[in-house]
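According to mature numbering (1 follows the signal peptide of the UniProt record, and there is no 0), the stretch in the sequence shown is residues -25 to -1, 1 to 320, in order.
Any given hint could turn out to be false.
What follows is a set of in silico ranges between Cβ atoms, one per label pair, in the way DEER data are often shown [said to hold, decoys possible]:
id	residue 1	residue 2	range
1	117	13	56 to 66 Å
2	48	287	44 to 54 Å
3	310	17	47 to 57 Å
4	269	112	38 to 48 Å
5	151	232	40 to 50 Å
6	45	232	17 to 27 Å
7	88	17	22 to 32 Å
8	55	236	12 to 22 Å
9	312	235	20 to 30 Å
Source of the hints: derived by calculation from the structure; they are not laboratory data.
Beta carbons are placed, not taken as given, at the ideal position from N, Cα and C, and that holds for glycine.
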Amino acid sequence: MTRLTLLRTASVAAALSLGLSGCMAGENTSTGNNAAEAATTGGTLNIDFATYNPLSLVIKEQGWLEEELADQDITVNWVQSAGSNKANEALRAGAIDVGSTAGSAALLARSNGSPIKTIEIYSQPEWAALVASPDSGITAVEDLRGKSVAATKGTDPYFFLLQALESAGVDPAEVTVQNLQHADGRAALANGAVDAWSGLDPIMAAAEQDGAELFYRNIDFNSYGFLNATESFLEEKPDVAQTVVNAYEKAREWASDNPEDTAAILAEVAAIDPAVANSVILERTNLDVDPVPGDAQREVLEKIGPVFVESGDVSSQDQVDSALDSLFDDSLVKKADASAVGASS
């Protein structure tokens, strides 16, 4: 064999090798999730922060998303959610790409056609309870018959109220529900406009410090904290969505190492006493929870789902079941890398 023939043979072999390696790389790469090939550049990430979601406050305070997305020329726009219902409204309208809600609210939204997916579990809180003034004479759920109760429809406190009534054998028709946003519900209780309030932390903890009484608590009626994203965002900007989830895992680590600082951030944003913020973070919020949405959350939502139908918030159980089967997307959180975020902070 001549030297020229050898060179030609080597060239063909090299080309075949490159072709094969290219095919192998393609076999292991999903078109929708290849950030190297489809890195998002420009535009805006619209994401919420909420006092009921401490990790969102940490991420916003630390500026990790701004730092990580700067090289992609992506602006981060923070939008405050006053409640799960408001986060759901913003997600459905496309005003935010990522929003934090209670698990019950996420299931309700998807059951009614909102194209969202739960991509992370950010907390396991005891954030809802039934609250009354100390001189109201209300000490049990049964005492709510014939009374008015403030609750924010579409949120965990609302579904907490419905579950509490059911467990006590009280027909919801025997109670007048005033649909007020969480802060307005507290104000209505304080000025006597309602007899009771289905409250949400940290507003509820502040009311408790001011003398309000939590007359009914049941952690099993609280659903988890869900981080949700629109399907279009996940399909069009998977790399940005991964950065968000990475930031949440970074925040979880930071909050675990710095609980007092986390409470201080909450106190400042929520304009509440630091002692109240400490009780919310240290006593009524479990951030050390498996972030992967799965069986634990499904078990809770399977109990809450029928309440949607009974209350008329969803027209059929089939809608609830279909939504629950399609709500979770664990692909991002399963490959989350907290160390990829805020390395220079």
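Looking back at the hints listed earlier, which ones does the structure fail to meet? Of the numbered hints given earlier, the structure breaks just one, which is hint 3.
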